[in-house]
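> Sequence order for the protein chains is A and B. For what it's worth, my numbering labels the leading residue of the first sequence as -16, then goes sequentially. For what it's worth, my numbering labels the leading residue of the second sequence as 976, then goes sequentially.
Because the hints were derived from the structure by calculation, they are not lab data. Remember, predicted model here, so these are calculated numbers, not experimental data. Ideal Cβ positions, reconstructed from N, Cα and C, are used throughout, including at glycine. Treat the hints with care, as some may be off.
With beta-carbon atoms standing in for the labels, derived distance ranges [claimed, not checked]:
1) B:1149 <-> A:24: 37 to 45 Å
2) A:-7 <-> B:1151: 17 to 25 Å
3) B:1165 <-> A:285: 20 to 28 Å
4) B:1174 <-> A:-7: 56 to 64 Å
On the chain A side, residues computed to face chain B include the following (Cβ under 8 Å) [as the list claims (entries may be wrong)]:
5) -7
6) 333
7) 335
Here's a subset of chain A near chain B, in silico, CB distances under 10 Å, partners left out [as the list claims (entries may be wrong)]:
8) 124
9) 143
10) 144
11) 146
12) 149
13) 152
14) 153
15) 154
16) 258
17) 260
18) 262
19) 326
20) 329
Chain by chain, the residues run as shown.
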Amino acid sequence: MRAEGSPTIVGEAASNLASRPLVSAVFALATAAVVVVAVLPRLRDDAGALADARRFVTTGGLTYELHAGLTSRAGTVPDHRCDEGWLNPDGLIGWSGGLSSPEQASPRGPVASPVSAFRASRGVLRRLGVRPGRDEVVVARAYAEEAGLSDGSVIEVDGRARRALVVTLPDELSQYSRSLLVPDRGFPAAGCIVGLHASVWDDPEAVLGATVPAELGDWGRRCVSCDGAGIADAIRSTRRGAAFWMAGPAGAALVGAMFVLIRRPELALYRVVGYRAWDVAALGATEATFLGSAALAIAACVVAIVGLDDLWLLGGFGVRYVAYAAATVGSLAAVTAFVAGFGARLRKVLGALRD
Amino acid sequence: MTVLDDRPAPGAVVLDGVRFAYRRGPSFGPFDLLLEPRTLNVLVGPSGSGKSTLLSLLGSLLRPEAGRISVARGPGATRAVHADDAAWVFQQSNALAARTVLDNVLLPARARGRISAADVEEAESALARVGLDGFAARQCRDLSGGERQRMCVARSLTMRRPLILADEATGQLDRSNSRRVVEALRAASETTIVVLATHDREAMRSADLVLELSDGVVRAHAG
């Protein structure tokens, strides 16, 4: 005689967990420990990255530029392009945005050998000592010596004669040591207007062309929401070199398998009284999901208490950690369901119970 | 041996020319057998004689090498027996220890869907039939071994299956508790076919039909 309707799963799972509070608590705590182990180091890394960024802001190295035509006063501007680059592992802002414009100029004239010319933002050029408004082409010192150029030499780029400014490039720009850096007249860096001091927006005309310190918090949020990658990622990926968060799903899967092993006699009973293998799998998964939810609540408390000085990080990077949490609980539930359902073949179950 | 009736009653289980052999083990058959509805059938025989094998055949966990096991549906109509026709009671009582007796007996109803008042009534009635009225709210883990077994019998009743297969269901009980479990199975047989495999010769006295297995031969006689 087959089942006449759908078996009750959710209520049964809740009743089972509630009827054995000690076992449920042990598994919830085990899962919570797994989540904390998976998440906390990353949170700490994020906090570390932000501390680096804060230090850099304090020392004046992290700046944003304000340009004519920017009108948004929003804290984050996701519809604008962010092109300033990221913090490198040392906490320095990268130069990629200002120098990696896809357009390249074609140098001619005194420059004999083919050489790339990159459009560079005013911010980059300013740091290299080029004054705003000057129409100079930056030539790395090593290359200038090789090509026989000096300050004031005339270089023709795209049909325009320009004067050379020979500079010693910092290490961060060593990859451009055989390149020309040409002022980018269009300067499309319209995206990086987040995190500016409110005073900027109070009187934008007064500060146009100036560099102003960024508010760190907004900057961090911008990295997540606008670019899909965080400053913490850049630092962490270099420092750690491993995706440690996988400890969460892997540990949760192990907890799920252990859970089924302990629950096996009762799960087998469900099979005996008429639940189908899928129903048993669903029951196991539901119990695991309840446990996982409780575990996440515990883990969230632990992380909030011991994890961070900057609690706003939980909000700023929340999407990522929600994804970690979902992966962890999902692994727990999936493995529980798989093992419970796979082990619930009626003949096997009955054979085991009769032995 | 019961001679196969030409017209078994609806719900009867019919074994027709059944033969089975393990690769290296006991074999029996071919034999014919009729298990009438609402009867307690006690299966006895020495260890290794094939009692559990015969139960497995009845419960469709094993397939006979030859012959057919079917459930009579009406005059001349039968269908093959399948695993969902049998409710099992084992030597070791299997139950949700931390749940109430009523919860355990309601499990088959939960497998069918949402619990109704009629389901609860049926479960309480089943408990009463096995002598456990008043036990519904008790925790299962607080029951004695015999009480647990009777609860399992009650649960098998609420599965509403035509066949209850009890495999050594009294094997771990003292004489007093064993007698009560047999009484519970006797009560269960008022609505279904019960087959009890046991070493307990005393159970034979309660049986409608005694099936003795020995040397691959099944001998049936009235209890």
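> Let's test the interface hint: is any C-beta of chain B closer than 8 Å to that of residue -7 (chain A)?
Since chain B brings no Cβ nearer than about 11 Å to residue -7 (chain A), farther than 8 Å, the hint is violated.
> Under the criterion of a CB-CB separation shorter than 10 Å, is residue 154 (chain A) in contact with chain B as hinted?
At 66 Å from the nearest chain B Cβ, residue 154 (chain A) fails the 10 Å test, so the hint is violated.
> Tell me if the interface restraint on residue 333 (chain A) is satisfied: Cβ within less than 8 Å of some Cβ in chain B.
holds (6 Å)
> Hint residue 146 (chain A) vs chain B: min CB-CB distance below 10 Å?
With a closest approach of 86 Å, the residue 146 (chain A) hint is violated.
> So does residue -7 (chain A) sit 17 to 25 Å from residue 1151 (chain B), Cβ to Cβ?
With a Cβ separation near 41 Å, residue -7 (chain A) and residue 1151 (chain B) fall outside 17 to 25 Å, so the hint is violated.
> Would you check whether residue 262 (chain A) satisfies its interface hint, that is, whether its CB is within less than 10 Å of any CB in chain B?
This hint holds: residue 262 (chain A) lies near chain B, its Cβ roughly 7 Å from the closest one there, short of 10 Å.
> Please check whether residue 152 (chain A) passes as an interface residue: C-beta within 10 Å of a C-beta belonging to chain B.
Nearest chain B Cβ about 72 Å off; hint violated.
> Would the hint on residue 326 (chain A) stand, with a C-beta cut-off of 10 Å toward chain B?
Hint on residue 326 (chain A): violated, closest Cβ of chain B at ~15 Å, above 10 Å.
> Restraint: residue 335 (chain A) near chain B, CB-CB cut 8 Å. Satisfied or not?
violated (10 Å)
> Within 20 to 28 Å or not, the Cβ separation of residue 1165 (chain B) and residue 285 (chain A)?
Given a distance of about 58 Å, which is not inside 20 to 28 Å, the answer is violated.
> Taking the least C-beta to C-beta distance, is residue 260 (chain A) closer than 10 Å to chain B?
violated (12 Å)
> Hint check: is the beta carbon of residue 149 (chain A) less than 10 Å from a beta carbon of chain B?
With a closest approach of 82 Å, the residue 149 (chain A) hint is violated.
Hint check: violations occur at hints 1, 2, 3, 4, 5, 7, 8, 9, 10, 11, 12, 13, 14, 15, 17, 19; the rest are consistent with the structure.
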